[in-house]
Amino acid sequence: MRLPLACIALLVLVAAAPAPRWDWSTADLDWLGGNDREYKESRAICARVIHAEPPTADRPTPAQAKALKGCDSEALYYGIGVKADPVKARLCAFTEKDEEVGVFGGRAMLMTIYANGRGAARDLKVATHLACGLEEAAPMEHALRIPRLQKLKPGKPFSICDAATSGYLGGACTEHDSRFAIVKRDRAIAALARQEGYAGSPLFAAGRRAMESYASAHAGQDQDLSGTLRVAFAVGAEETVRDQFLATLQALASGKLPPASAATYARSDAELNATYRATLADDAKDDRLTSGTITEEGRRIAARSWIAYRDAMLAFAARHYPKLSRTALATYLTRQRLDDLGPIDT
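In case it helps, mature numbering (1 follows the signal peptide of the UniProt record, and there is no 0) puts the sequence shown at residues -21 to -1, 1 to 325.
By construction, these hints were calculated from the structure, which means they are not laboratory data. Be aware that one or more of the hints could be misleading.
[Said to hold, decoys possible] Simulated pairs of lysine to aspartate or glutamate, EDC-like, Cα-Cα distance not exceeding 16 Å:
#1 Lys76 to Glu115
#2 Lys302 to Asp203
#3 Lys19 to Asp37
#4 Lys48 to Asp77
#5 Lys264 to Glu175
#6 Lys130 to Glu20
#7 Lys163 to Asp222
#8 Lys19 to Asp7
#9 Lys19 to Glu32
#10 Lys48 to Asp15
#11 Lys76 to Glu114
#12 Lys104 to Asp2
#13 Lys104 to Asp7
#14 Lys67 to Glu20
#15 Lys163 to Asp102
#16 Lys235 to Asp141
#17 Lys130 to Asp102
#18 Lys135 to Glu175
#19 Lys264 to Glu275
#20 Lys130 to Glu115
#21 Lys132 to Glu175
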């Protein structure tokens, strides 16, 4: 039997039609106990704005999309390391795939742009529709964010972090904040290196590499990363080490490194060794060596990484601050490591 051409065309259209995008209003909540009362308001709002797509005119042309390949809408919108350009951020966000950019890109960035009216005309219906399609958001984040978007007053800034209830979003927001801190700190380090004349020094570069290696090891091996806040803990640990690095450079430049005798250093070193042993014992007592991500070998990796960092900084200081007391710097760095390990439970 031959089908009429109109029927064939309809079948082709149906077959080619993309699957409907996930939406909070139509999501299967059986795993939450069905349409729980606390989610009814947000789901009803999403149903009302389910077709509120961004205007076609706001989307990038093929040429613009090609030029924006690999762009970073988060950096463009907030001005992280580049001049803020909300319009370019909007065009960039349309080219990003949500599953590849995480919380601060793609659909989530477009939600922020339309909610704030920076980079596109303010449109809370569009912003809400985009919020309803954030599949990785926790249910309670939907329940809080979507009604707030509907009631957002002109001029009141919107942030995806305002409704953070999950460890996933909390960690992403911590990472977002750290991007600003990294840019500010890097500028301060670069300015100090130029001022002190060691910007091109191989020993300075080696010290910085050793610091980054220690920051990574401290974040990955000294923290229990088994919980939902693991990203926040890891980012926080890395940022602490980087802040300490800048503080050390500033202390060297100002000549205000606390004085320390050989005996003072010996006491600090002994305290560090005792704290390290107590840390291992504390890990075992709290069962973190079996139930968490901390391991005895991991602790050793972090300790060896810190020693390499300490030695690299001592070599850097010996070249660029030859009059500095080696024991003073060694003691200073040891006290920082003690702070990183933190207090031990008794």
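Checked hints:
1. A C-alpha spacing of about 13 Å is found between Lys76 and Glu115, which places the hinted pair at or below 16 Å, so the restraint holds.
2. Taking the CA atoms of Lys302 and Asp203, the gap is about 41 Å. The hint is violated against a cut of 16 Å.
3. A hinted pair counts as satisfied when its Cα atoms are at most 16 Å apart, and Lys19 with Asp37 does not qualify at roughly 31 Å.
4. A hinted pair counts as satisfied when its Cα atoms are at most 16 Å apart, and Lys48 with Asp77 qualifies at roughly 14 Å.
5. Of the supplied pair hints, the one linking Lys264 and Glu175 is violated, its CA atoms being roughly 47 Å apart against a limit of 16 Å.
6. Between the alpha carbons of Lys130 and Glu20 the distance comes to roughly 13 Å, so the proposed pair stays at or under 16 Å and holds.
7. Taking the CA atoms of Lys163 and Asp222, the gap is near 11 Å; set against the 16 Å cutoff, the hint holds.
8. Restraint check for Lys19 and Asp7: satisfied, since their Cα atoms lie roughly 13 Å apart, inside the 16 Å limit.
9. Proposed proximity of Lys19 and Glu32 is contradicted: the alpha carbons are some 22 Å apart, above 16 Å.
10. For the hint pairing Lys48 with Asp15, the CA-to-CA distance comes to about 41 Å; that exceeds 16 Å, so the pair is violated.
11. For the proposed pair Lys76 and Glu114, the alpha carbon gap of about 13 Å is at most 16 Å, so the pair holds.
12. With a C-alpha separation of about 14 Å, the suggested pairing of Lys104 with Asp2 holds against the 16 Å cut-off.
13. A C-alpha spacing of about 23 Å is found between Lys104 and Asp7, which places the hinted pair above 16 Å, so the restraint is violated.
14. This hinted pair does not check out: Lys67 and Glu20 have alpha carbons roughly 34 Å apart, beyond 16 Å.
15. Between Lys163 and Asp102 the alpha-carbon distance is near 33 Å, which puts this suggested pair outside the 16 Å criterion.
16. Restraint check for Lys235 and Asp141: the C-alpha separation of about 41 Å exceeds 16 Å, so the hint is violated.
17. The straight-line distance between the Cα atoms of Lys130 and Asp102 is roughly 12 Å, inside the 16 Å bound, and the hint therefore holds.
18. Restraint check for Lys135 and Glu175: the C-alpha separation of about 44 Å exceeds 16 Å, so the hint is violated.
19. Straight-line distance between C-alpha atoms of Lys264 and Glu275 comes to about 13 Å, which keeps the hinted pair within the 16 Å bound.
20. This hinted pair does not check out: Lys130 and Glu115 have alpha carbons roughly 23 Å apart, beyond 16 Å.
21. Taking the CA atoms of Lys132 and Glu175, the gap is near 49 Å; set against the 16 Å cutoff, the hint is violated.
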